[in-house]
Amino acid sequence: MSKTKRKGNGVGQLLIPLIAILLLVVFNLIRDPSFFSIGTTVNNAGTTVLSGNLISIINGASELAILAMGMTLVTAACGGQDISVGAGAAIAGSVFVRVLKSGSSITGLTVLLAFLACCVVSMLFSSFNGTLVAVFGIQPMIATLILYTCGRSIAYWINGGATPTVSSGIISSIGSFIPNVPIPTPIFIVVIMAILLNLAFRFTNLSLYTQSVGINQAASRLNGINPTFIKMLSFIILGICVSVAGTIGVCRLSLINHETLLLDVEMDAILAVAIGGNSLGGGRFRISGSVLGAYIIQMLTTTLYAMKVPSTDVKAYKAVVIILLVVMGSPVVKKKVSGLIARRRAGSAGSEGKEAA
Amino acid sequence: MKKLFALSIAALAVSACMLVSAGADDLIKVGIVNNPPSESGYREANVKDFESVFTEENGYDAKTYYSIKNDEQLAAAQGFITDGVDYLLISAAETTGWDEVLQSAQEAGIGVFLFDRMIDCDEELYTAAVVSDMRQEGETAVAWLEGLGLDSYNIIHIQGVMGSDAQIGRSDPLDEKCKAEDNWKLVVEQTASWDEAEAKAITESVINSGEAFNIIYAENDGMAKGAVAALDDHGISHGVDKDVIVMGFDCNKWALRELLAGNWNYDGQCSPFQAQVISDLIKSGEAPAEKKIISVEKGFDATTITEEDVDTYGLGE
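Chains as they are written, first to last, in our numbering: chain L, 3 to 359; chain V, 4 to 320.
Everything labelled a hint here was simulated from the structure, so no lab data went into it. Cβ coordinates follow ideal geometry from the N, Cα and C atoms, glycine included. Just so you know, not all the hints are guaranteed correct.
Said to hold, decoys possible - Computed list of lysine to any residue pairs in SDA-like fashion (alpha-carbon distance at most 25 Å, straight line): (1) Lys188/V / Lys336/L; (2) Lys310/L / Glu214/V; (3) Lys310/L / Lys301/V; (4) Lys320/L / Lys336/L; (5) Lys180/V / Thr314/L; (6) Lys301/V / Asn266/V; (7) Lys180/V / Ala292/V; (8) Lys310/L / Ile171/V; (9) Lys310/L / Val299/V.
Said to hold, decoys possible - Some chain V residues near chain L, calculated using beta-carbon distances under 8 Å: (10) Gly44; (11) Gln109; (12) Ala111; (13) Gly152; (14) Leu153; (15) Gln162; (16) Asp168; (17) Ile171; (18) Asp175; (19) Lys188; (20) Trp197; (21) Asp312.
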């Protein structure tokens, strides 16, 4: 099984995102040779930390990368996307802050409790989405449209409007740097999430089952896989991703603004899945592709800021690059290119043959 | 059909409110049409302000209708008119479409006050409009900055959603100043669309580029906080007598506390408090000299702000 999987789902899928990263890196190096240089500074908490655009990109993409992981699973299992992850993260962040504020002081224990609470709430909301999709067979985009529309209002109810702040050493340790550790904490969180998912794939049949449900639901059912359960599970895993992303978002700024927290991130997460070469129609998937996609999007944003593109033009520039990426990864172009390569190979093989004769 | 349904629901809601309140005769009947408090921290303070001024103790019988949709607001206003309120107070969702409703209010002899937001209509249709002048907020901030008398102004300008009233009003005076003066320079001018995280990313990109800057001019408190988070990560000092001057807008309570602690330098007010001015006008019974009344808006300086200012002018908690 693993052999056939590799054959159709190998480096080929990652080719486009890798080319995209390469192009962005080369472009930036030509524009400013020191763009990716990493230095150290002492932050205001007194810790010596790494700094530079590369760190900013990897750090800044953390929430998106985590959401892209969950989004890939949902996409693969359900053949559709969850567009409520931004609103869900706002709810998760609000719950996190609400629990923290209800205690008298912020300690490691209360932070853990707050995180668990926001995990549970996120999983509840994502199971709501999951139920609509898996049990009632509603298209994912329509089902999650409900939470997309009302999610930020729910987040408002939790904390009552204003933008509450929570300041504590623990919170800033999660959102920026742990004292005496030079690497931003969100990067560690992404790594931990990636390892956890990887372990889940290695020791369970989750990956295989998700793919088969995505490719052919009826056939998987006949083979003893429960599609409802698998779809539900993918939504619940996404729910965990949402709560982690929401928590990071809140901790970064020690503040929850339910209107702007991870605003429009659902579109970027779906884009990351697409750039990663995954089919948005479900089936085969590769999480590493989506994570690469997330870093590409962040690198693009950082590049545009560094180029000082005028405020009004940023989205247009972003759109142009994304059109290029998506067209490059489209089946038609892929087929043409591989056809071209095959013909060349055939041609050179032919000429070699002549010489030999 | 959907619209009609929304209208009838709104009208029903208003008339239901009316039925309950019938009976109080000597009170001044006021119908308030506002945006819902969930819109923003600003709106929340605005709603609270009206709730605290238009009370029975102050001699008012006030009914409020909240909606973010213009057509629902229009229906509600019409409902208030039909019910025979004495005064109609409106913060419109959109600037257009109000002529007909205001006309019928005038015919019914109802005094109309606009607050917070202007409406595109004939001035004769309302008694007065109590509004913020966003441009004035920008000018106050730029004047404060100029008053510091720095040798050079290297500014990171973080803008709100492009095209919004607040963005235009707070951007223009700074842009004009930077064009006019040689020692005023915009290191970067970029929109973060009110998003704190985006503001942090923009500031970070400037820090990474190694360009020198000494001022953060963020068009709201949240974005200023985002920018400050980037400064903290890179060990750049900010606040009173520090390397970087931090400026925000909106006067959230937590932001004013940052001023009080000397971590930020300036916060510009966008006053949500219009109720008292309107109440005074109603009680005096006289038409104001100017139709458009600009709310007095302060700019707070970290070196002079007091605990009392934080309590009086701070929004939220």
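Hint by hint, work out which the structure violates, then give me just those numbers in ascending order.
-> 1, 3, 7, 9, 11, 12, 13, 14, 16, 17, 18, 19, 21
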